[in-house]
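Peer 1: Listed below, chain by chain, are the residues.
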Amino acid sequence: MTTTESVRTLSLTEIGPAERGTRPDEVVIALSPAFGDPFTKTIVDVPHAEVIRQLLAGIEERGGSARVIKVYKTADLAAIAHFGAKLSGSGIAVGVLSRGTTVLHQRDLARLSNLELFPQAPLLDAEVFRMIGANAAQYAQGQSPRPVPTRNDQMARPRWQAKAALLHLKEFDCIDKDRNAVEVEPVITKVD
Amino acid sequence: MTTANTDLTAADYPLSVNRPDLLHTPTGKTLDDLTMDAVVAGDITAEDLRISPDTLKLQGQLAAAAGRRQLADNFTRASEMTAIPDAEVLDMYNSLRPNASSAAQLEELASRLENTYSATTCAALVREAAQVYAARNLLAEEA
Amino acid sequence: MTAVEPRSDSTVRTSKRTEILEARPVNLDGFVEEWPEKGLVAMESDFDPQPSVRVEDGRIVELDGRTRDQFDFMDTFIADHAIDVDTCEAAMATESVEIARMIVDPRTSRADVVALGRGLTPAKILDVVKLMNVVEIMMGIQKTRSRRTPANQAHSTSAKDNPIQVAADAAEGAVRGFAELETTLGVVRYAPLVAIGLQVGGQVGRGGTLTQCALEEATELDLGMRGITAYAETISIYGTESVFVDGDDTPWSKAFLASAYASRGIKMRFTSGTGSEVQMGNAEGRSMLYLEIRCILMAKGAGVQGLQNGSISCIGVPGAVPGGIRAVAAENLVASWMDLECASGNDQSFSHSPMRRTSRLLPQMLPGTDFVCSGYSAVPNKDNMFAGSNLETDDYDDWNVIQRDMQVDGGLRHVREDVILQVRNKAARAMQALFAELDLPAITDEEVEAATYANSSDDYPDRDVLADLEGARSVMDRGITGIDLVRVLERAGFGDVAENYLKVLRQRVSGDLLQTAAVLDAGFVPRAAINDANDYAGPGTGYRLTGERWEELKKLRHVTSAENPEEEVV
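Protein chains in written order, with full-length UniProt numbering: chain A, 1 to 192; chain B, 1 to 143; chain C, 1 to 570.
What the hints contain is simulated information worked out from the structure, not anything from laboratory work. Any given hint could be a false lead.
Derived SDA-like pairs: lysine to any residue, alpha-carbon spacing no greater than 20 Å straight-line [what the hints assert, rightly or not]:
| hint | chain 1 | residue 1 | chain 2 | residue 2 |
| --- | --- | --- | --- | --- |
| 1 | C | LYS382 | A | ASN152 |
| 2 | C | LYS503 | B | PRO26 |
| 3 | C | LYS503 | B | HIS24 |
| 4 | C | LYS503 | B | GLU114 |
| 5 | B | LYS29 | C | ARG506 |
Listing some non-contacts, in silico: residues in chain C with all C-beta distances to chain A over 12 Å [stated by the list, open to error]:
| hint | residue |
| --- | --- |
| 6 | VAL61 |
| 7 | ALA111 |
| 8 | VAL317 |
| 9 | ASN425 |
| 10 | VAL559 |
Built from N, CA and C at the ideal position, the CB exists for glycine as well.
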């Protein structure tokens, strides 16, 4: 559980349609329809601001660059991430659902395949998001990083399975089939 | 070999205990032939441990006698399928998955079941699937 | 949203009692509000259809408010394969309350309620079970389960996919009484070695246990065809068309697969459960139980002999909504009532609270089902590659005491330590000999010793995983079959194990295990819902825990001797 004394809030400022990037080292962070708005935190209350901050920090510390896009037409994680990968200059994308479930994807892989999958959202904290960002940057630069260690918790099901289903249903409600993906500028504000 | 046409009743079950006289392998062996000595001597192969179409029909009679119509139908299809090689059975299953086959391909599969393997009830199941898949938009594009 | 987190706001003063309650394990479980519009509701929803049926020209043309042109493929399959056209209009005209009473009333025979059930639609069945409280549901399970004698199934897996561990735990599980043993893998390529371990261990502990290895369809069927496993269970079906298609199957493909297994003489059951559709976001606004009843009828229509249900891997979803565990018991009842073998769940980690874990178990354990657990973890939960079970090895003694307290047969028994050590050791030695004969990576004496006394995978020396995987590949490449394993075991001096294994393999020639709810007893006699049909007809009838079996279940780890109170009964 992440409890931060000072809360960071996230706003995603739309800066135009999501387009294909050209930087060969870039990582696209592709967000699901409800990410940041209306939802503000993952299933275990990691603020979305923190998710983005850690991913960006991870990418930056490995010398990569990042763009953030938001997808509205689907809440399917594989589809979101694969879409992001196809827009990414390097072909690498991180897909993130509102509840925190994350995948590392690559343009040339089949949609249902992936580089690394983090299916258990309740086990993803700030540290893991930073490692995911770092690995994404390394894949973007053609390296083969050691996969982020996976965690497992036998008791995640009784605690989180139903809430995950509820969040999934809410995310589905935010799908807008008519709205194209947009590139966004993440603005993170610290509120004490 | 006695494959009686008389309908079996619950009292005949289990066949391995009460009616071993009715049982044989597709290679023509009886249950009593499947001994450890024969295994050690190399006289028993995996082929000798398969179920025969006749046995499946007998089990179908038992299922029907217990009022289990659908289970009996399943055994009828299974009896037909004993003739189909393992790999082809799996291929056929895969072509019945959603969006895996066109209408023509499913008809081809049904014909093959009917003509090559005399598997008429299996063929009927495939034709029925083809109709439903057409109505529910679950056919693959025509090649 | 949910309020499962202990309140962290330190500015509000709480009572000492509240502090204690906040710290109770049950408050780590997740609970959510219902959302019926989306199907996040157990069994009472205004959005479920009303029962109806109409027959024209010997064909069902209307089902639960939909006409044939509006049918999705579940409606079509159920109308054409599951429901008896000849009896459905009369059956549907029977008042739901009357049917519910027939299920509970011991003077109405099982045969009569099963016959009536053949003519009912999913919405009607739901309408009936909605009238029943959890005790009445248990009464119904007691009467309608297909096999007279209850049984139990174990998971035997290893966090390191160690085949010696799987063999030793399978042997212990078998001697403790499990009729079926199931395994699965962390690294799928290990499957042949682990499946062999399960089979060999099972036949050491008690001849006649049936084994399976849960894998994707093709490999699972392959291992079955080779005679390395004896049955299959992980053939998933779903209650909405969209989720079924997402699972890359249809009722017709699954029906074909069911026949494929039977054509190889291999026992098989389907798997379904409440909560899977809403979990995948496509419940189409129907309650969890309504969708599960569609699955049960689909399974019946396919002619598969049985079903594993009781939410299974989605138990956290019904477990979090009001009345959810009642709905889970109701789905077991419906599977039994529809005359299917029911392997009734209790097979996934369910709650942080030991009290809640037990209460979730009782609706299946007390009336008895064909398999009370469709996976009691016969390894510590941390070694359970099905992600943990509601019951595990630590619970063995509790289970045995509950059986004794309630005079209820849950399929297990207390076994003396020397017997357990002996079968564990023998299973490991049989594997050692088998691996040597087959030129697989050696099993050391140190590993045999570890297997004899181990609890979890931590207690075993690490194996050379790459060498094992190479060995696993060679088992498949060389086309090794069950009969080869029998021959090798016989040659290596494990004649009784070889004999047991051969007797299990011979069963596929007879097809006896294909009948509803079939298991093998210790004398290798198949027991199914034909020769061991449930004959419950009220007090004093049906399966009763008496005689030799009851004497066996009176034994526990520690019971003070009446004759000499200074000693314990051995």
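Peer 1: Take a quick look at whether C/LYS503 and B/GLU114 sit within 20 Å of each other, Cα to Cα.
Peer 2: violated, 35 Å
Peer 1: Holds or violated: B/LYS29 and C/ARG506, Cα atoms, limit 20 Å.
Peer 2: holds, 11 Å
Peer 1: Taking 20 Å as the top limit, are the C-alpha atoms of C/LYS503 and B/HIS24 close enough?
Peer 2: holds, 15 Å
Peer 1: Any Cβ of chain A at or closer than 12 Å to C/VAL317, or is the non-interface label fine?
Peer 2: violated, 5 Å
Peer 1: According to the definition I'm using, a residue is off the interface if its beta carbon is farther than 12 Å from all beta carbons of the partner; does C/ALA111 meet that for chain A?
Peer 2: holds, 39 Å
Peer 1: Quick check for students: does the CB of C/VAL559 sit more than 12 Å from each CB in chain A?
Peer 2: holds, 32 Å
Peer 1: When you check the alpha-carbon spacing of C/LYS382 and A/ASN152, does it fall within 20 Å?
Peer 2: Given pair C/LYS382, A/ASN152 holds - Cα atoms ~10 Å apart, limit 20 Å.
Peer 1: For the pair supplied as a hint, C/LYS503 and B/PRO26, is the alpha-carbon distance within the 20 Å limit?
Peer 2: Cα-Cα ~18 Å, so holds.
Peer 1: Was C/VAL61 rightly flagged as not at the interface, with every chain A Cβ beyond 12 Å?
Peer 2: holds, 33 Å
Peer 1: Please confirm whether C/ASN425 is truly not at the interface, meaning its C-beta sits more than 12 Å away from all C-beta atoms of chain A.
Peer 2: Correct as stated: the minimum Cβ-Cβ distance to chain A is 29 Å, above 12 Å.
The earlier numbered hints that this structure contradicts are 4 and 8.
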